[in-house]
Structure formats: structure tokens, C-alpha cells
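Student: Residues per chain are reported as follows:
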Amino acid sequence: MGQNWTAIDIGQSVSRKTTLRLLAATAVALLTMHGAQAADPIKIGLVAALSGQSARSGEAITRGATIAIEEINAKGGVLGRPLELVRRDDESNPAKGVIATRELIQREKVTALIGGLDTPVALAIVPFANNVKVPFVIPWAAGTKITQNGAPENYVFRVSAMDDEVDRAILAYAQKHFKAKKPGLILVNNPWGESNEHGFKEAMKVANVEPAGIEKFEGNDVDIVPQLSRLKQAGADSLFLVGNVGPGAQVVKSLDRMSWMPPIVSHWGVAGGRFTELAGPSAKNVIFVQTYSFFGDLSPVGKKVLAALQKKYPDIKGPADITPAVGVANAYDTVMVIAAAIEKAGKTDGPAVRDGFYAIEKVEGLIKTYNKPFTKTKHDALSQEDYIWTRFEGDHIVPVAK
Amino acid sequence: MSLLPAILTGLALGSMYGLLALGFHVTYAVSGTVNFSQGSSMTLGAVAGYFFLVLWGWSAAFGIPAVLLICALYGLMIERFAVRPFVARGSDNWLMATVAVGIIVDNLMLFVFGKEPRAFPSSLAVKPIQIVEGAGVYPLQLVIPVVGLLLAAGLHVFTRYTRHGVGMLAVVQNPGAAKLMGIDVSRIIAASYAVSAVLAGIAALLIAPLFNVASDMGTLFGIKAFAAAIIGGLGSAWGVMLAGLCLGLIEVFATTYFGSVYTQIITFASVIVILVVMPHGLLGRAGVKKV
Chain A
1 MGQNWTAIDI
11 GQSVSRKTTL
21 RLLAATAVAL
31 LTMHGAQAAD
41 PIKIGLVAAL
51 SGQSARSGEA
61 ITRGATIAIE
71 EINAKGGVLG
81 RPLELVRRDD
91 ESNPAKGVIA
101 TRELIQREKV
111 TALIGGLDTP
121 VALAIVPFAN
131 NVKVPFVIPW
141 AAGTKITQNG
151 APENYVFRVS
161 AMDDEVDRAI
171 LAYAQKHFKA
181 KKPGLILVNN
191 PWGESNEHGF
201 KEAMKVANVE
211 PAGIEKFEGN
221 DVDIVPQLSR
231 LKQAGADSLF
241 LVGNVGPGAQ
251 VVKSLDRMSW
261 MPPIVSHWGV
271 AGGRFTELAG
281 PSAKNVIFVQ
291 TYSFFGDLSP
301 VGKKVLAALQ
311 KKYPDIKGPA
321 DITPAVGVAN
331 AYDTVMVIAA
341 AIEKAGKTDG
351 PAVRDGFYAI
361 EKVEGLIKTY
371 NKPFTKTKHD
381 ALSQEDYIWT
391 RFEGDHIVPV
401 AK
Chain B
1 MSLLPAILTG
11 LALGSMYGLL
21 ALGFHVTYAV
31 SGTVNFSQGS
41 SMTLGAVAGY
51 FFLVLWGWSA
61 AFGIPAVLLI
71 CALYGLMIER
81 FAVRPFVARG
91 SDNWLMATVA
101 VGIIVDNLML
111 FVFGKEPRAF
121 PSSLAVKPIQ
131 IVEGAGVYPL
141 QLVIPVVGLL
151 LAAGLHVFTR
161 YTRHGVGMLA
171 VVQNPGAAKL
181 MGIDVSRIIA
191 ASYAVSAVLA
201 GIAALLIAPL
211 FNVASDMGTL
221 FGIKAFAAAI
231 IGGLGSAWGV
241 MLAGLCLGLI
251 EVFATTYFGS
261 VYTQIITFAS
271 VIVILVVMPH
281 GLLGRAGVKK
291 V
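Residue numbers (the working numbering), protein chains in the order written: chain A, 1 to 402; chain B, 1 to 291.
Simulated from the structure, these hints should not be mistaken for lab results. These figures come from a predicted structure and were not determined experimentally. We treat Cβ as the ideally placed atom computed from N, Cα and C, and that holds for glycine. A hint or two may mislead.
[What the hints assert, rightly or not] Distance condition first, Cα-Cα at most 20 Å in a straight line; then the derived EDC-like pairs of lysine to aspartate or glutamate:
| id | chain 1 | residue 1 | chain 2 | residue 2 |
| --- | --- | --- | --- | --- |
| 1 | B | K127 | A | E70 |
| 2 | B | K115 | A | E277 |
| 3 | B | K127 | A | D349 |
[Said to hold, decoys possible] Calculated Cβ distances over 12 Å to all of chain B for the following chain A residues:
| id | residue |
| --- | --- |
| 4 | E70 |
| 5 | N130 |
| 6 | K133 |
| 7 | A151 |
| 8 | V222 |
| 9 | K312 |
| 10 | P319 |
| 11 | Q384 |
[Said to hold, decoys possible] Reference listing, derived: stretches of chain B covered by chain A, where coverage requires no fewer than 3 residues with Cβ under 8 Å from a Cβ of chain A:
| id | region |
| --- | --- |
| 12 | 30-40 |
| 13 | 201-213 |
| 14 | 216-225 |
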């Protein structure tokens, strides 16, 4: 080919020369790519917050998924093809999440999509995934409506906690361990708080429990004493907390000031970041839900994954460095479930893989062994029996009695 | 919550708004302009404080003046680059320019500090004092109103009884004449912006231990402080401080007696009602423009 370059008349423009050179380079590149076609990877898309406030959680999901993919590829991949993770950042922004999803599906031609750290982002992606018939599996976002989205053809699955289920679990836990009869609800004033208010009301109606009150706080509130005083006066014997680390810490500090320490059972918002640093020593009074912990006696899968994480990521010295653990565990199990579904489908087209999810018999995961995890009416692989209860001890999240 | 604890909580909260709102008053009284990014000045102070006092462990005697110096420099820059060029042209675009600077600063703080909130420990916010049962307050919460009232009093005395203060008043009344009398008008206005940012820095150092340090901590505070400044009457230091306290009390009473669902609605509805009844704010006077 090099001969042709010299044949070009010197008088011809340089730009033409450059164009030809580019064309030649492209041709060479295409030829090489064709040579690699034999082991064409099956692409799995990941849309999550990889920057900003939730970046650490996004990184945890990436790590869990990566470990699972490497394990699968070491055993020969799926359908004889290796899996490949293609990541895109949604910056916790629903619009950006949809754009990233479109790009992953239409250009990268991913077989399945993992995503949804934030419930609003996941909810924005759901209709698109259902429309283009690409399975969308949630490793984090807990909004009930994500999987119960009402679409006639539902392509959305979840390997994570779900608000309604968490709310039922929190009530059951408080009744069992704290003999709670009149819980007070203290919820962040946003759609996530709203979703749980609904969930708690349903759960309490079924259990025939009357709440002492429902109070809201803003993400920026300095002082939550007034709200908590109302609950105290109304005779609350326990508190159910829904909020992220910052405002959750303000709740604990306000309780300190009131010298009132009722049992606090919380959704997992407080688990991210530096809860103990922000809330002080009373942080350990908050019991919160998780799906997995790398502390304590690990199953064989747990030991294997912990070893793999330590080998791949030098910053992980022990269980304490895997934060947030739920991100890693949920994402690991998510990939395992997706791989099993593709294996069952025998091919990579969306509807076949979707039916593959229903056909899964048994998958060894971190959180549990999944036996027929999905049916046409049940798109959530986890339920309240699978949750574990934890609290902070210093910077570590450690399990407490179930 | 019974009456006394509610009042204590409200006063502590309100004095935070008042303290920040004094910054709006200082520049308005001198130049008729305000720095709309006062909340961001507070964030800047808190983040600088976090680095100096918490992360690098400087002593308070050294760290606090350093924080206030940074705030003062920032105030001077705001005036020089976001206010003066527009005022000189007789344009009101400083409004947007100061808002824009605030957004830039917020985002810079995000880069420098990250999005994760961090604790700002203080020995004055460890053990609550139980004044009445169930209404513990940190000593710091009692310090804030005292500092706020002292600063308001200080500003009042300064503008009424000192040479520089009277010079400032002259600038307010008639910049042209003040200039002819040998008063350096632009320097006084620049100084008022520095003072305004320093007040935000003081507020930041006092509020951060009760709250957390976060890159967006100043936003909501800035808005509420502006509401306090307007209710109080921008021209009066006492009025601004008083309005801050009222706003805090309204907020806490709304939450206590009606529930937190209604807090924001009641608080901001009250702001409107107060302004309808008293258009110049609690202690503000109608500006008379002589032609």
C-alpha cells in the first residue's frame, strides 16, 4: 500500500494525501478487528454515578461487577464469549442517565444494562429499556416503582433492596427487638422520603400499628429538635429514619441535645460516607438495613470474592475497606444473574435474555444462593428475609443480631 | 415541645440567619448594593476553616484570623470585579454578577472540598447544657446570639460615633458631596464588602460545628439570611438582627405547632405578610429621594 503514496502527484494538496492515509489506516484497523471477531465479547452496560456525591457507590458497583466478570471470563465466559463491562457516568442526573443508556444500547449494542444508583435516574431509564427490549438490572436504587413499573413487557429486574420491602422489614425488626408499638417517622423531604412514607403507611396498616407521627426534615436543616420533640410528645417509643448521611447525622445530634435516645431503625441512607464522624458517638445507636457485610463468617463465595477484591485493588486491605459493601455485593450478584440469564437464553437478543431471567434455576451469589429468583410477577431477587441489620462501630459497618 | 425550649431553639437558629444577614446590611447601607452570593462567602469561610483548623490543625489564634483574612480578600475581589465595573456604568448588572460569582465559588468549593459533608468539631459543641428538660443547647448556640447582637451593636456605634463611620453615612447620603469633602468613596465601599464577607466568615465558623461543612451549606442559609435582611429593613443593623431572630422563631413555632410539613409554607408566607404590613421592614425607614 505504501507504494501508492509515492504515486500521488507532488502537486496535489496535502489534505488529500492526509485523507488517503487516514483511509488506509482505517482499512488496516478494520481488518485487524475482523481478525478478533472469533471471541467477540458480550457487552454489559453500566450506567451509574461515577462522579459527584455518589461516586464512591458507583465505584463499588464497578468493582463488584468487574470481579464477577473476571471470574466468569476466567472460566471461559458466557456462550463461549467473554463478558465486557462498558461504563458511563450519569452524574446522578436522570437526563444524562437516559442519554448514556441510549448510547450504550444503540452504539455499543450492550446485551444487558446494569444501572440505577439513584431512584430518579433509574425511573427515567425504565421506559426506554422496556421500549427497546433490553434487560435492565438494578444493583442499588430501592424505589418500589422501578421494578413495579406497570409496563406490559417488563424488562427491569433488581438485585437490591426495595423501599416497600425495607419498610416492612424495619417495622418487623423494631417490633421484634424493641417491642415498638408507636413508632415515630422522621423522613427526608424529597421523593425518596415520600416513597417510604407510603411504604411505612402500608406496612403499618397491615400490622395494625398507629404511628406517633410523621415528620419531615430538609437536607440542609441544622436543627431537627422541633420535629423530634413533636414525635416525643406524641409518645413515640422508637424512630424510623429515612435520610442520607448528612441530615441523618443532624437527627442523631438533635436527639443528643434533647438527651432522648429511643431505638432508631433506619433505611440504608446513613450507610454511605462518614456517618460516625458527622453524628458523633451516638451514631452507633442507629440500626440500619443492608444486603451484605464482608465482616464475620463468610460463605465460600464471600471468601472467594474478598480474596479477589484484595488481589485486584491494593487499597482493599480487609472487609473495612470495602465501602459501601452493598454496592460491591449487589453488583457482583447482578452480573452473576445476568450471565445465568444469557446462558439460559442461548443467545443475546433482548426478549430471549429476558425470558432467560425467568428460566434461571440456581445461581451461587454473595448475598445468597438464588433459586428461581424471578417470575413474571416477581422481578425483585431479594426480599426482607435476605436483608441484614447493621450499625456503625467507628468507621466500620458491622452486623447486629438478626 | 413546650414554650421555653421552642424559644431557645428559635433564637439560636434565628441568630445564625441574623449574623449572615448583617453582611447584606453593611454593603447596602454604604453603597446601595449587596453581594447576593453571601451564602457562598459563608461556604468559603467554612471550607477555609475546615482546611486550616481541622485538616492542618492550626491553632485558633492563627487559623481564625487567616479564615477572616481570606474572606476579606474575597469581599474586596467581589466589589472590584463584580460590582464596581457595573455601578460605574450606572447599570444594575451587579445583581447577576454577584449571583454568578456565588455559583462559581460554590463549584470551586466542590472541586476543592468534594461533595461529601465533613464534621467540624468544636469544644463548644460537644456537651449540651440542659437549661430545661428536653431542650439541651450546645454552649455555641448561646454564643451565636451574643456575637450577633454584639456585632450589630458594634456596627451601630461605628456608623454613628466614629469618624470613619460618619464618613460612611456621608457616602450613603451623597457620594458626590462626600467625595468633594475629601472622603475616599470607592475605598469605603470596598471596605464595606470586605466587612460583609468577614461577617459571613464569622457566621461560618460559628455555624459549621453545629452543622457540617459541605460545599452547598451556604445556599439555603443565604436565601433565609436575605429574607431576614429584607424583613429587617436593609438599612438597619438592629432591624436585620431582629428579623433574623423572628425568622428563626417563626420557623421553630411553625414546626412545633403545625408540623414540619408546613414549616416552609408558613415561614415564607409570614415573610410576605410582614412585608405587606411593613413595606420598609421592621426597623427600616422609607428612603427619601430628593430631586
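Student: Next, verify each hint and record whether it holds.
Tutor: Hints and how they fare:
1. Taking the CA atoms of K127 (chain B) and E70 (chain A), the gap is near 51 Å; set against the 20 Å cutoff, the hint is violated.
2. For the given pair, K115 (chain B) sits about 15 Å from E277 (chain A) by alpha-carbon distance, which is consistent with the 20 Å threshold.
3. Between K127 (chain B) and D349 (chain A) the alpha-carbon distance is near 62 Å, which puts this suggested pair outside the 20 Å criterion.
4. Residue-level check passed: E70 (chain A) sits 29 Å from the nearest beta carbon of chain B, beyond 12 Å.
5. Separation of N130 (chain A) from chain B is adequate, the least Cβ-Cβ distance of about 32 Å exceeding the 12 Å criterion.
6. The Cβ of K133 (chain A) lies farther than 12 Å from every Cβ of chain B, with a closest approach of about 36 Å, so its non-interface assignment holds.
7. Against chain B, the non-interface label of A151 (chain A) holds: every CB pair exceeds 12 Å, the least being about 32 Å.
8. Distance to chain B contradicts V222 (chain A) as a non-interface residue, since its nearest Cβ pair spans about 5 Å, not more than 12 Å.
9. At roughly 24 Å, the least C-beta separation between K312 (chain A) and chain B is larger than 12 Å, which holds for a residue marked as non-interface.
10. Non-interface status of P319 (chain A) relative to chain B is upheld: no Cβ of that chain comes within 12 Å, the nearest being about 21 Å off.
11. Non-interface status of Q384 (chain A) relative to chain B is upheld: no Cβ of that chain comes within 12 Å, the nearest being about 28 Å off.
12. For a cut-off of 8 Å, the count of residues in the region 30-40 of chain B with a CB near a CB of chain A stands at 0, and the three-residue condition is violated.
13. Taking a C-beta to C-beta cut-off of 8 Å, the region 201-213 of chain B contributes 4 residues in contact with chain A, enough for the three needed, and the coverage statement holds.
14. A stretch counts as covered by a chain when three or more of its residues have a beta carbon under 8 Å from one of that chain; for the region 216-225 of chain B and chain A the count is 5, and the coverage holds.
Of the numbered hints stated above, those contradicted by the structure are hints 1, 3, 8, 12, listed in ascending order.
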